[in-house]
Amino acid sequence: AQSVTQLDSQVPVFEEAPVELRCNYSSSVSVYLFWYVQYPNQGLQLLLKYLSGSTLVKSINGFEAEFNKSQTSFHLRKPSVHISDTAEYFCAVNWRGNSGGSNYKLTFGKGTLLTVNP
Amino acid sequence: DAGITQSPRHKVTETGTPVTLRCHQTENHRYMYWYRQDPGHGLRLIHYSYGVKDTDKGEVSDGYSVSRSKTEDFLLTLESATSSQTSVYFCAISERSYEQYFGPGTRLTVT
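Protein chains in written order, with our numbering: chain A, 1 to 118; chain B, 1001 to 1111.
This is chain A alone, in the form it adopts within the complex:
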């Protein structure tokens, strides 16, 4: 079965430190990759996405993620975090080889809670 693994359920860091949130997926077939962020008591917001082209994608608030096909990974990084980055982060994968309506389904990881401490 296709699966998405987020290796860390919680990541505590200090403000201005770098952070990496890891995401691996189960199959190396053609994929679309996404990171979503969820702030407390809110819905999920799309943070960044990889569909094609450059393997390094960036968000407007300083996060970046790199698609690594050989390692089936899509890790999220930020060189210097802020208190306001405290949230839960979800990695999601769309496997392009699925047929019909299931072609538009996303499989989510279980999430990583990033806590930024002063």
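By construction, these hints were calculated from the structure, which means they are not laboratory data.
Keep in mind that a hint or two might mislead.
Derived pair list, reagent style BS3-like, types lysine-lysine, alpha-carbon separation capped at 30 Å [claimed, not checked]:
| # | chain 1 | residue 1 | chain 2 | residue 2 |
| --- | --- | --- | --- | --- |
| 1 | B | 1057 | B | 1070 |
| 2 | A | 49 | B | 1011 |
| 3 | A | 58 | A | 69 |
| 4 | A | 110 | B | 1011 |
| 5 | A | 49 | A | 110 |
| 6 | A | 49 | B | 1057 |
| 7 | B | 1070 | B | 1011 |
| 8 | B | 1011 | B | 1057 |
| 9 | A | 110 | A | 58 |
Per the computed footprint, the stretches of chain A lying under chain B, defined by three or more beta-carbons under 8 Å from a beta-carbon of chain B, are [claimed, not checked]:
| # | region |
| --- | --- |
| 10 | 44-54 |
| 11 | 105-114 |
Here a beta-carbon is modelled for each residue, glycine too, at the ideal position from N, C-alpha and C.
Given the coordinates of chain A, work out where chain B should sit on it, guided by the hints.
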């Protein structure tokens, strides 16, 4: 922000009662989804729709049914609510770009 609303936002109900949650979109997107979010499980797909009256099951569909009679509305029904269905429910929409846009969620408590 994508125009997605969910109603009600909070609901407390008793075991055995029927419950219907509504998702409404103003984006005219073709695909709509219902997820539940539980600690330690992330988001799990309940049902999805790929057009009016076209729906299919997700990975946790037992005990849930859905209906979509109009493009803009996707209803999730718990025919007889159980305590295991206490959760936060999210609706999402997508078009051909594949990324999904999420509603604000409904917190359901079954006592």
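Each hint, compared with the structure:
1. At most 30 Å may separate the alpha-carbon atoms for a hinted pair to count; residue 1057 of chain B and residue 1070 of chain B meet this at roughly 19 Å.
2. Between residue 49 of chain A and residue 1011 of chain B the CA atoms are separated by roughly 33 Å; this puts the pair beyond 30 Å, and the hint is violated.
3. Distance check on the hinted pair: residue 58 of chain A and residue 69 of chain A sit about 18 Å apart at the alpha-carbon level, within 30 Å; holds.
4. The suggested pairing of residue 110 of chain A with residue 1011 of chain B holds, with an alpha-carbon distance near 25 Å, which does not exceed 30 Å.
5. At roughly 18 Å between alpha-carbon atoms, residue 49 of chain A and residue 110 of chain A fall within 30 Å of each other, so this suggested pair holds.
6. As the CA atoms of residue 49 of chain A and residue 1057 of chain B are separated by approximately 26 Å, the hinted pair is consistent with the 30 Å bound.
7. At most 30 Å may separate the alpha-carbon atoms for a hinted pair to count; residue 1070 of chain B and residue 1011 of chain B meet this at roughly 24 Å.
8. Annotation: proposed proximity of residue 1011 of chain B to residue 1057 of chain B holds, straight-line Cα distance about 24 Å (limit 30 Å).
9. For the suggested pair residue 110 of chain A and residue 58 of chain A, the alpha carbons sit about 22 Å apart, so the restraint of at most 30 Å is met.
10. For the region 44-54 of chain A, the proposed coverage by chain B is satisfied: 5 residues have a C-beta within less than 8 Å of a C-beta in that chain, meeting the threshold of three.
11. With a cut-off of 8 Å between beta carbons, the region 105-114 of chain A has 6 residues touching chain B; three or more are needed, and the interface restraint holds.
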